[in-house]
Amino acid sequence: MRAITITEPGGPDVLAWTEVPDPEPGPGEVVVDVRASAVNRADLLQRQGHYPPPAGASAYPGLECSGVVSATGPGVSGWQVGDVVCALLTGGGYAERVAVPAGQLLPVPAGVDPVDAAALPEVACTVWSNLVQLAHLSIGETLLVHGGGSGIGTFAIQLGVALGATVVVTARPAKHERLRELGAAHTIDYTTQDFVEEIRRITDGRGANVILDIMGAAYLGRNVAALATGGRLVVIGMQGGRKAELDLGALLAKRGSVSATALRSRPMEEKAAIVRGVREEVWPLVESGAIGPIVDRRLPMAQAAEAHRIVESNDHLGKVLLTVD
1 MRAITITEPG
11 GPDVLAWTEV
21 PDPEPGPGEV
31 VVDVRASAVN
41 RADLLQRQGH
51 YPPPAGASAY
61 PGLECSGVVS
71 ATGPGVSGWQ
81 VGDVVCALLT
91 GGGYAERVAV
101 PAGQLLPVPA
111 GVDPVDAAAL
121 PEVACTVWSN
131 LVQLAHLSIG
141 ETLLVHGGGS
151 GIGTFAIQLG
161 VALGATVVVT
171 ARPAKHERLR
181 ELGAAHTIDY
191 TTQDFVEEIR
201 RITDGRGANV
211 ILDIMGAAYL
221 GRNVAALATG
231 GRLVVIGMQG
241 GRKAELDLGA
251 LLAKRGSVSA
261 TALRSRPMEE
271 KAAIVRGVRE
281 EVWPLVESGA
291 IGPIVDRRLP
301 MAQAAEAHRI
311 VESNDHLGKV
321 LLTVD
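Note that the UniProt record's numbering gives residue 164 to position 164 of the sequence shown, counting from 1, and the numbers run on in steps of one.
FYI, nobody ran anything at the bench for these hints, they're computed from the structure.
Please note: incorrect hints may appear among the correct ones.
Said to hold, decoys possible - Pair by pair, the computed Cβ-Cβ distance ranges are:
hint : residue 1 : residue 2 : range
1    : A174      : L45       : 19 to 27 Å
2    : M268      : S70       : 16 to 24 Å
3    : L248      : E281      : 30 to 38 Å
4    : A59       : A174      : 30 to 38 Å
5    : T191      : S77       : 21 to 29 Å
6    : D315      : D204      : 29 to 37 Å
Cβ atoms here follow ideal geometry from the backbone N, Cα and C, with glycine treated the same way.
I would like the entire structure built from these sequences, with the hints used as guidance.
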């Protein structure tokens, strides 16, 4: 088969469409013939040499895919050759085939294009596990989402609205209209506006009950300032750095909490549990039309370098997909 390999750490041009050995399904695994994969920030970091795959994972980038089951390994039940699926991966999605633990497979939701389904697994699992499992977002609460135009952001808007929350997002102005169409009640231009002041204005001084943050260090202090009493800050990215000073007094005064999570490095059993939760609680919302994959564009898998340039530019909205003929 062919796969995107990283010839050396560096810019997009180090990505090469290369012939590599076919994967074989191990115990409890299936092989998926890939229709599409999606570009995630973690892929860019892996390409740059900053985010190596966990031990035992594929060396090829790609944390999600859609496709068709073409082989099953020993001990697999509930899936068979020919099933149309999408999958949460630990790596290997930028390829014509990938071996996947059966517990990380999902059926393509009814009504969703099988190619566009590649835009769903990673964002659905990340957003649901953080907003529902961890932060317990509830009806009537205010959710602040940073990076509203990203794949994570566009999904979080939709899920937040479906859960009955008022969703506020930070994003570039060019994306605001589309994000309001997805359900954001308020949009904040992070390039010119102070999101702490804006969230206080929007909530009559109360602040956000839940904040989903991709920035990390650069936003830590301001995020705590933006929290409501009893608020929950969940950090899922470090685009603004790894280290910052935390004012525990400010956090104590708000009886708030700060959590940080990663999905890729979790044990297989935890990922399977998250996938089950997504299938039970999120897939019905997708099939009803309340939530859908937001795809900025599709590119052939061989053009992975161009896809990385697009994502690095931050000009896209939603997911950029890489397709296999």
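Okay, the hints, checked on the actual structure:
A174 and L45 have their C-beta atoms about 25 Å apart, which keeps the hinted 19 to 27 Å range intact. Checked against the given bound of 16 to 24 Å, the beta carbons of M268 and S70, roughly 21 Å apart, stay inside it. L248 and E281 have their C-beta atoms about 34 Å apart, which keeps the hinted 30 to 38 Å range intact. The hint said 30 to 38 Å for the Cβ distance between A59 and A174, and at roughly 36 Å that hint holds.
Evaluation of the 21 to 29 Å hint for T191 and S77 yields a failure: the beta carbon distance comes to about 51 Å. Between D315 and D204 the CB atoms are about 34 Å apart, so this pair conforms to the stated range of 29 to 37 Å.
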